[in-house]
Amino acid sequence: MARQKRGRELSARDEILANIRRSLNVTGAEAPRRMAVEDRLARPRAGIVPARGQGDAAARVATFKAEAERAQASVVEVEGAAEAPGEIARYLRDSNLPATLRMGEDPRLAAMPWDETTLEIARGASDGHDLNAVSGAFAGIAESGTLTLVSGADNPTTLNFLPDNHFIIVAASDIVGDLESVWRKLRERYGKGAMPRTVNMITGPSRSGDIEQTLLLGAHGPRRLHIVIVREM
Amino acid sequence: MSEMPDSTHFKENAHAALQDAPLQNALRFVRGNFVEKRAAAAARLPEFEALRDSARDIKDHALAHLDLYLEAYEAKVVAAGGHVHYALTAKEGVDIVLKLCQERGAKAVTKGKSMIAEEMGLNAALEAAGIDPIETDLGEYIIQLRGETPSHIIAPAVHLSKEQVEADFRRVHRDLPDGRDLSRPELLLTEARGVLRDKFLSADIGVTGANFLIAETGTSIIVTNEGNGDLTQILPKVHIVLASLEKIVPTLEDAAQLLRVLARSATGQDMSVYTTLSTGPRRPGDPDGPEEYHVVLIDNGRSAMLGGDFEDMLRCIRCGACMNHCPVYQAIGGHAYGSVYPGPMGAVLTPSLTGIAKGGHLPNASTFCGRCEAVCPVRIPLPNMMRHWREREFERHLSPAAMRYGIGFWAFFAKRPTLYRLSTDLAMRALHLIGRARGRFRSLPFAGGWTRYRDLPAPQGATFQSQWRARSGAVN
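Line by line, the protein sequences are chains A and B.
Mind the numbering: the first sequence is residues 1 to 233 in the numbering used here, read in order.
Mind the numbering: the second sequence is residues 1 to 476 in the numbering used here, read in order.
Watch out, some of these pointers could steer you wrong.
[As the list claims (entries may be wrong)] Lysine-lysine pairs mimicking DSS-like chemistry, simulated, CA-CA at most 30 Å apart:
id : chain 1 : residue 1 : chain 2 : residue 2
1  : A       : K65       : A       : K185
2  : B       : K11       : B       : K237
3  : A       : K192      : B       : K237
4  : B       : K199      : A       : K65
5  : B       : K99       : B       : K199
6  : B       : K91       : B       : K162
[What the hints assert, rightly or not] Now the stretches of chain B that chain A is said to cover, found in silico as 3 or more residues with beta-carbon under 8 Å:
id : region
7  : 335 to 344
8  : 358 to 367
In short, the hints are calculated from the structure, not lab data.
The beta-carbon is built from N, C-alpha and C at its ideal position, and this holds for glycine as well.
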């Protein structure tokens, strides 16, 4: 090891930083460099934002729906939150799937009339033995038909990956145009420079193309992704 | 472990690959699928070319301030309750992971797909320490069963047919019924899903790579389609992230620019199915997620590349577009390169990491057609950098004697224009006379390398220079 040869205690961290600075021909103390970095971190700049996701609320919902369907998700719009449980029960029935459903403690979900369906509801994180789960989205992104979910007791991250069939309920008012709008929403909720443990951005059901480049749905995550857009949450 | 080719025998490996019928059959999928899908995705987004410029500029900025962004990133990871470890070499990185595993008494480690882990040789080291590494990406799982290395950076098993995968599953999954049907890809996928599900749930530690590290928030991002990377990082008690230094980008906004070119360049998707941002361990009140979060930052040659001829290579976001579009990769696949990273990006990166004596042949595996640079999402001048390596190889007398004499012979004539003109005139006329009956040669002395695979068209009689002179009246 170079640092032992030199006969002084230098951590790998210090040595790597020293190597970088030697290569860049800087000391790390230069004020203009430090200011450039501080400024960039304090005031993140949006670069090129595709026009595709832009438009008014109705346009964003329409684009979101079309893009999510391109990514092999199914999408249904309902008028109010009260209709969401019925839609999920219908989907399970029509797909000949068991009437079971796991969910977290999201108050938006808790307020929905699940007892008006025959669904057997379980709550909390998944241990890998659930067929169906429902989550409430933090946001939808029109430009790519992507859903954003944040970790926590409201919507446990395991529900996004372990069940075979994943339902995600998103309020139309939470469908934004682009990734940058999600970052803004995250900063509003969690504070600048802070994040929840996990942010999952999900675009369609799980898939693999690893065998002869044939696209197959349902690799390790959900085989089906059904999105319920609630117009008035 | 079956024997894998090494870079010093690139020529022999390439020759063998061309004769390998199953491999040639499998490579059809690279030639078609990837190229068309990327073109369609790029065409569908009017801002795509501008995003490539933006992506290039972000990486350049991050590299020029890498020391400061690393410090900012580290502070944020620590503030979120995570740990950052630094490794100067691949070996140091392996030692850090082994120590973390051993201190926690880990027996089984699930792994998301990670090229830096391949570079580190992590699986072999874990096995040697009595720890079971389990690759969970379907392609990685398949090649792990075969004792192979990835032949492509995003499609590691692209060199295999479904029949080969079926044979491996029957060989390894011995507790499943013999007579089961595995004739279709979806049946193979379902079997792998079932086998790996149990391993996800019982693993002690999960190891993933990182596509990006965000200095603003101390976040690591992984981009996958299967969901295996997520199950790897949320189920075990400990999540270890392996990342090379150049994965750092300043802000979430910067990551958005890069994400918009990454999936489109790689698989032709607008977004991969799962883009996951992880910041620190499980929070109070979280019902799931890892209790410990460690990041191992690995240098292994990167800091030395900064500020030099190959700095641009550090912009690479590992999408694989350069190899998908490379006529050499398309013809021989990834294993012939004998290095962790194949294709044009590998030909540039490998000599930087392993030294020119070992990896110096790889930059010769190019026709300089320029397609790699034309599709690179961060506009890395790959052909130019391969040319740099060729020059270095020549200067250091590492190229073969026949080639050096050949070039010297050509240079003798090239420096004497009159002699060059006279001798090429004479040679072309002679070849024209000999070959005029057929119009082409089936074999020719000194040109066996060409005529073994195709005929050489007979010259039309006049040289380019004499035709040019006849048309425009001037050469010099």
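The hints, checked one at a time:
For the hint linking K65 of chain A to K185 of chain A, the alpha-carbon distance of about 21 Å falls within 30 Å, and the restraint holds. As the CA atoms of K11 of chain B and K237 of chain B are separated by approximately 46 Å, the hinted pair breaks the 30 Å bound. About 28 Å separates the Cα atoms of K192 of chain A and K237 of chain B, which keeps this hinted pair within 30 Å; it holds. Our distance criterion of 30 Å between C-alpha atoms is broken by K199 of chain B and K65 of chain A, whose separation comes to about 35 Å.
With a CA separation close to 22 Å, the supplied pair K99 of chain B and K199 of chain B stays within the 30 Å bound. This hinted pair does not check out: K91 of chain B and K162 of chain B have alpha carbons roughly 35 Å apart, beyond 30 Å. Figure legend: the region 335 to 344 of chain B, annotated as covered by chain A; annotation inconsistent (0 residues with Cβ-Cβ distances under 8 Å, at least 3 required). With a threshold of 8 Å between beta carbons, the proposed coverage of the region 358 to 367 of chain B by chain A is violated, since 0 of its residues qualify and at least three are required.
Going through the hint list in order, the structure does not satisfy hints 2, 4, 6, 7, 8.
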